[in-house]
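S.K.: Just so we're aligned, residue 1 is where the sequence shown starts under full-length UniProt numbering, counting upward by one.
Derived from the structure by calculation, the hints contain no laboratory data. One should not assume that every hint holds.
[As the list claims (entries may be wrong)] Below 30 Å or equal to it, Euclidean Cα-Cα: the simulated DSS-like pairs (lysine-lysine) are:
(1) Lys198 with Lys211
(2) Lys116 with Lys127
(3) Lys42 with Lys4
(4) Lys198 with Lys246
(5) Lys42 with Lys11
(6) Lys173 with Lys135
(7) Lys25 with Lys42
(8) Lys116 with Lys211
(9) Lys173 with Lys191
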Amino acid sequence: MPGKVQCCCSKCGYYDDNGAFRGRKVSRQARAMHEKEDELRKARETTRDNMKESDTEDSDSEQSERAAGPSGSHFNAAEENCRREMTLITHMVAMLGAWLNLAGGGSQTTTGVILKGIAIILMTAFKIISTTLLKPLGLDIDIPLPHTPRDVRSTYNALSIEPTIIRTACCPKCFTLYPLRNDLPDHCPWKESRRAHKVCSASLTMQRRTKNGVVVVPRRQYSTQDFRSWLEFFLNRPGIEEMIAKSYVPPLLS
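With these hints in hand, go ahead and build the complete structure from the sequences.
M.R.: If you want it as structure tokens, here you go:
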């Protein structure tokens, strides 16, 4: 029979009465098997401990990130997306205001009141979302409000449909045009010729009472649209290029 050897594995090892660690006598094959079992047990315990430490570190990192809020890159991306969406809201409100004034029959005063009401509703809604949804999640973020138009003029400016108008003072008698400047004469100095003695002398200005007091304004104005801006608007109309091309085609002779 093969000789037995001492096995000091976790199963066979023990302490004698004198406190010395000893092992039972087993075959070499059994000792080798016991050693492999101990190695596998230690490997499993080590893996389990590492997994527990990893879970603890992940939990701590998640808690710290949650307490610290979103990272800089994520916050910047979210802020950029938010601003882009706010631009869309501004455009939608401007479209609604333009439709109310142009097609819906709303006056400038009525359209302005509705636009201001929409602005107040949006401000209240975003404030409620920031207070009830974001701050309970640890995100101390105030949603930026969209710059919505508050009157008809700002609505047209937001949509880039406000025409470029050139306003001039017009003589009510001879219809001579004068630039609107501070040195606008009180009476029209127009003459039929340089040698003529008779001057038009029609009054060009008048006084108007306003909330800020009495101001001097032209008696009559003449407004024209800037030709360059009109030409840009004209050439941007759908199908205009085809129509211009057709205008150069001579008609077919019958």
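S.K.: All hints, please: hold or fail.
M.R.: Results of checking the hints against the structure:
1. A distance of roughly 39 Å separates the Cα atoms of Lys198 and Lys211; the hinted pair therefore is violated under the 30 Å criterion.
2. Taken as a hint, the Lys116 and Lys127 pair is honoured in the structure, with Cα atoms around 17 Å apart against an allowance of 30 Å.
3. At most 30 Å may separate the alpha-carbon atoms for a hinted pair to count; Lys42 and Lys4 meet this at roughly 25 Å.
4. Distance restraint check for Lys198 and Lys246: the Cα-Cα separation of roughly 53 Å exceeds the 30 Å cut-off, and the hinted pair is therefore not satisfied.
5. The hinted pair formed by Lys42 and Lys11 meets the criterion: a straight-line CA distance of about 14 Å does not exceed 30 Å.
6. With a C-alpha separation of about 68 Å, the suggested pair Lys173 and Lys135 falls outside the 30 Å cut-off, and the hint is violated.
7. Proximity of Lys25 to Lys42 is assessed by CA-CA distance (about 23 Å); at most 30 Å being required, the pair is judged to hold.
8. Proximity of Lys116 to Lys211 is assessed by CA-CA distance (about 22 Å); at most 30 Å being required, the pair is judged to hold.
9. Restraint check for Lys173 and Lys191: the C-alpha separation of about 12 Å stays at or below 30 Å, so the hint holds.
Hint violations for this structure: numbers 1, 4, 6, all remaining hints satisfied.
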